[in-house]
Amino acid sequence: MPALAQNDSLRRVWVGLDILPFAKSIYGSKDNTVEIFGSYNIGKKRYAAAEGGFSSAKYQGSNFSYTSGGWFARAGIDFNVIRQEKFPGNDQILIGFRYGFSSMHYQAENIQIPAGYWPAFLTEIRSVSFGSHWLETRAGIRAEVFPHLFIGWSVAGRLLLYSGHPVSMDPFVVTGFGNGTRKTNVGFSYFICFNF
Amino acid sequence: MLRIKTRLFFHFTHFPAGKGWFLVFLITLAVYCWSISCTGDNACKQSRDVFLMVSFRSTVHNTEHDTTLSYLTVYGLRRSDSLLYDSAQVNKVSLPLNPSTDSTGFVFACHDAVDTLMVVYNRQPHLLSYECGFVMYYRLIQVTIRGNLADSLHIIQSDVTTDNGTNIHMYY
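For the protein sequence lines, the chains are U and L, in the order given.
In terms of the working numbering, the first sequence has 173 at position 184, counting the first letter as 1, and numbering is strictly consecutive.
Going from the second sequence to the working numbering is simple: count from 1 and add 3.
Keep in mind the hints are simulated off the structure, nothing from the lab.
C-beta atoms are modelled at their ideal positions from N, C-alpha and C, and glycine is treated no differently.
Please note that the accuracy of each hint is not assured.
The list that follows gives simulated cross-link-like pairs (lysine to aspartate or glutamate, EDC-like), each with its CA atoms no further than 20 Å apart [said to hold, decoys possible]:
1) L:Lys48 - L:Asp166
2) U:Lys172 - L:Glu134
3) U:Lys19 - L:Asp105
Covered stretches of chain U (chain L as the covering partner; in silico rule of three or more C-beta atoms under 8 Å from a C-beta of chain L) [said to hold, decoys possible]:
4) 23 to 33
5) 151 to 161
Incomplete in silico selection of chain L near chain U, CB under 7 Å [to be verified]:
6) Asn101
7) Pro102
8) Gly108
9) Val117
10) Thr119
11) His129
12) Phe137
13) Met139
14) Thr147
15) Gly150
16) Ala153
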């Protein structure tokens, strides 16, 4: 079948789910995430992409306990750089860019300042809400395993632009961005999606 | 059917350069695992000590320089049973602030002279790192000294943190 005809068999909309967080939760990950995404073919091998989800995290430190939760959204564009004449089929190699935003809250309880010369002291940081912004580049593939059913993976390099958390405590995880103690992160997703 | 099953596991094998894409997949997976593993070291390698650092200074011929006090005894106010310095010869002292209160007093005794240093501050729990946990940081609001040992004092750095730089110059 000619490559162009196969490509025309695809519809414009993709909707998918990142399944890597479910696998990570089996191995006792400290954060839990649910992430869905959609993309829309805007022509000339370009796709408008939107992603969103929720996450929560718990961490038991040496002298404190930490909890957080929030939601995130990303929007951007993907380019399908596969050469259809060389690689016939509906599979795609996607390179893209995203702007990400998250709104989350965190708190720390049972903060124990240990006794030294003075007695020990127990305190807390009450729930604080803040937003974060970041940019990311994305590369990955999307392969058709059954008609209109795709699985794929992508790797993302993320750069934190701003996070409004108090300087006294970096978040354990910035929802949708990753490790909250870093300005840059690498993200990996393994997903399943439908074309309809 | 076999082709479909294969693609479910290595869903790029139909590319002419399928092995290359599998290698790219493994490399990106390895980079991701490495980036996760970097956060897995639970050992705290930072100092958790937070002290108010007081340096002793004197002025001779309009030139300020460090000075050393002999037989200096220092203890917290109403804590004379627990000495921080006992007849020491020092040019600076490290003083622990009380994390439970907004002020701490210290008694400086040298020969027959006695001073009482009163320090008023704000407190803020600070997360050093997820491995090290929390310590208490302080911001000095007011520092006063009463007695017959020191002439005056000056706040150099109002933030009392793990940096442990000099916070106060005390002049003799």
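Going through the hints against the structure:
The suggested pairing of lysine 48 of chain L with aspartate 166 of chain L holds, with an alpha-carbon distance near 14 Å, which does not exceed 20 Å. Between lysine 172 of chain U and glutamate 134 of chain L, the direct Cα distance comes to roughly 18 Å. Compliance with the 20 Å bound is thereby established for this hinted pair. Straight-line distance between C-alpha atoms of lysine 19 of chain U and aspartate 105 of chain L comes to about 36 Å, which puts the hinted pair past the 20 Å bound. With 0 residues having a beta carbon nearer than 8 Å to a beta carbon of chain L, the region 23 to 33 of chain U misses the requirement of three or more and the stated coverage is violated.
Requiring three or more residues with a Cβ within less than 8 Å of a Cβ of chain L, the coverage given for the region 151 to 161 of chain U holds, as 4 such residues are present. The closest approach between the C-beta of asparagine 101 of chain L and any C-beta of chain U is roughly 4 Å, which is under the 7 Å cut-off, so the hint is satisfied. Checking proline 102 of chain L against chain U by beta carbon gives a least distance of about 4 Å; that is within 7 Å, so the hint holds. A distance limit of 7 Å between C-beta atoms decides the matter here; for glycine 108 of chain L the minimum to chain U is near 12 Å, and the interface restraint is violated.
With 7 Å as the threshold, the beta carbon of valine 117 of chain L stays out of range of chain U, its nearest partner Cβ sitting at about 20 Å, so the hint is violated. Hint status for threonine 119 of chain L: violated, given a least beta-carbon distance of 17 Å to chain U, over 7 Å. Annotation: interface hint on histidine 129 of chain L holds; nearest CB of chain U at approximately 5 Å, less than 7 Å. Satisfaction of the interface hint for phenylalanine 137 of chain L is found here, the shortest Cβ-Cβ separation to chain U being roughly 5 Å, below the 7 Å cut-off.
A hinted interface residue such as methionine 139 of chain L counts as satisfied when its beta carbon comes closer than 7 Å to some beta carbon of chain U; here the least separation is about 5 Å, so the hint holds. Look at threonine 147 of chain L: its Cβ only gets to about 20 Å from chain U, farther than 7 Å, so that hint breaks. The interface hint given for glycine 150 of chain L is violated, since its Cβ lies 21 Å from the closest Cβ of chain U, which is over the 7 Å cut-off. Hint status for alanine 153 of chain L: violated, given a least beta-carbon distance of 22 Å to chain U, over 7 Å.
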